[in-house]
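S.K.: Each chain, letter by letter, is given below.
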Amino acid sequence: MRCEKAQRLISDHTDKLLNRHQTQALEQHLKECSACKELFNEIQVIVREAKNMKSVLPSEKLWTGIQNQIDRSERKNRNWASEIGQFFRFPLYSRELAFSVSGLLAGLVLMTLFYYGIPLIQNDKSIPEQLASNQFAEVDRHYQLAIEALNQAILF
Amino acid sequence: MKSQKEKVGSTAFNGSNRKEFLFHVIRRCQDGDRKAMEEIYSNYKSSLFNLTYRYTRNMSSAEDLLQDIFIKIFTGIRKLRSPEAFNAWVYRTAINACISATRKSGRGKIIPLNEINKPDEAEVENVHFKLDMEKAVSFLPSKQKAVFLLHDVQGFTHGEIARVMKWSEGTSKSQLFKARMKIRGYLKDKRL
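Which chain is which? The protein sequence lines are A and B, in order.
Using numbering that gives the first Met the number 0, the first residue of the first sequence is number 0, and each one after it goes up by one.
Using numbering that gives the first Met the number 0, the first residue of the second sequence is number 0, and each one after it goes up by one.
Worth flagging that the hints you see were computed from the coordinates, not collected in a lab.
Predicted model, so just to flag it, every value in this text is computed and none were measured.
All C-beta atoms in this analysis are idealised placements derived from N, C-alpha and C, irrespective of residue type, glycine included.
Among these hints, one or two may not hold up.
[Stated by the list, open to error] Restraint ranges, calculated between C-beta atoms of paired labels, are given here:
id : chain 1 : residue 1 : chain 2 : residue 2 : range
1  : B       : I98       : A       : D14       : 21 to 29 Å
2  : B       : G184      : A       : E31       : 51 to 59 Å
3  : B       : K165      : A       : E128      : 47 to 55 Å
4  : B       : R80       : A       : G102      : 15 to 23 Å
[Said to hold, decoys possible] Take a look, some chain B residues computed to stay more than 12 Å from chain A by CB distance:
id : residue
5  : T74
6  : N86
7  : R91
8  : S99
9  : A100
10 : T156
Modelling step: build the complete structure from the supplied sequences, incorporating the hints.
M.R.: Rendered as structure tokens:
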């Protein structure tokens, strides 16, 4: 086994995550390579010391601080809901109700778009094309009327 | 010396027989039950505080950060759909907050760690080593620090870390290896 591969396996070996074959190959390498053996020993010391790292605790009053902040946040949300409710003259305290009303409005908008939009989409010509075509028809009608008037003038 | 069980976060909620209890507490918490919130706070405070402390390297900043994390947890818990993901979600929230706080405060800013250990004359060498370990951890990049703290300090498995960090187990293993190598490098430099 090469040192590079052995070094990659050392960390997992420390955590006993290697299979039997890998373990045997690595242990054989560690017997032969002092540099890798040294790395293995140092990693073991680090892992052992990490488990013994000092555990710290927050102060007792922290929970009170968190509770106060939750209270403030809830009061703020309640005031906001109450103001909206007064504005619309009906209570919007319930989030579900607000979502239902928004959903209904969105549905109405979509239905309106669907109702008026589909005939436009189904028509072959786009709106600008349709306008141009109407203008041409109007010009053609005036042209025909002019020719007719000219003919009548010549005849009489 | 602290036992491994004490070091792992949320010990009261661990084990399959406690799962039902945890789900019940989460549901109560989603309904805004203050007692349930306190239950969750009591079970996670130590584990999360040890994380925030090692990111901020300062007791007061660590407490402020822990307070922000719990506010995020209690406001975000209503949106949590699967209680099974609660533990991973809590730690993900905490680590994201820690990384964000580190970015704001600026990487590489060194705050004295005198408060970690008061020198004990009988174990001066050991105390120095512990202090160097703390410093070495403080110099790790944010994500390697998270893996090292969760795996080596708090006893998480690679599978649990993968769920918290949304990584593969392989990535968790390689990040841990890099973290350990960096700590080793730092300690070697110190002793030379």
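S.K.: Hints the structure violates: just list their numbers, smallest first.
M.R.: Those not satisfied are hints 2, 5, 10.
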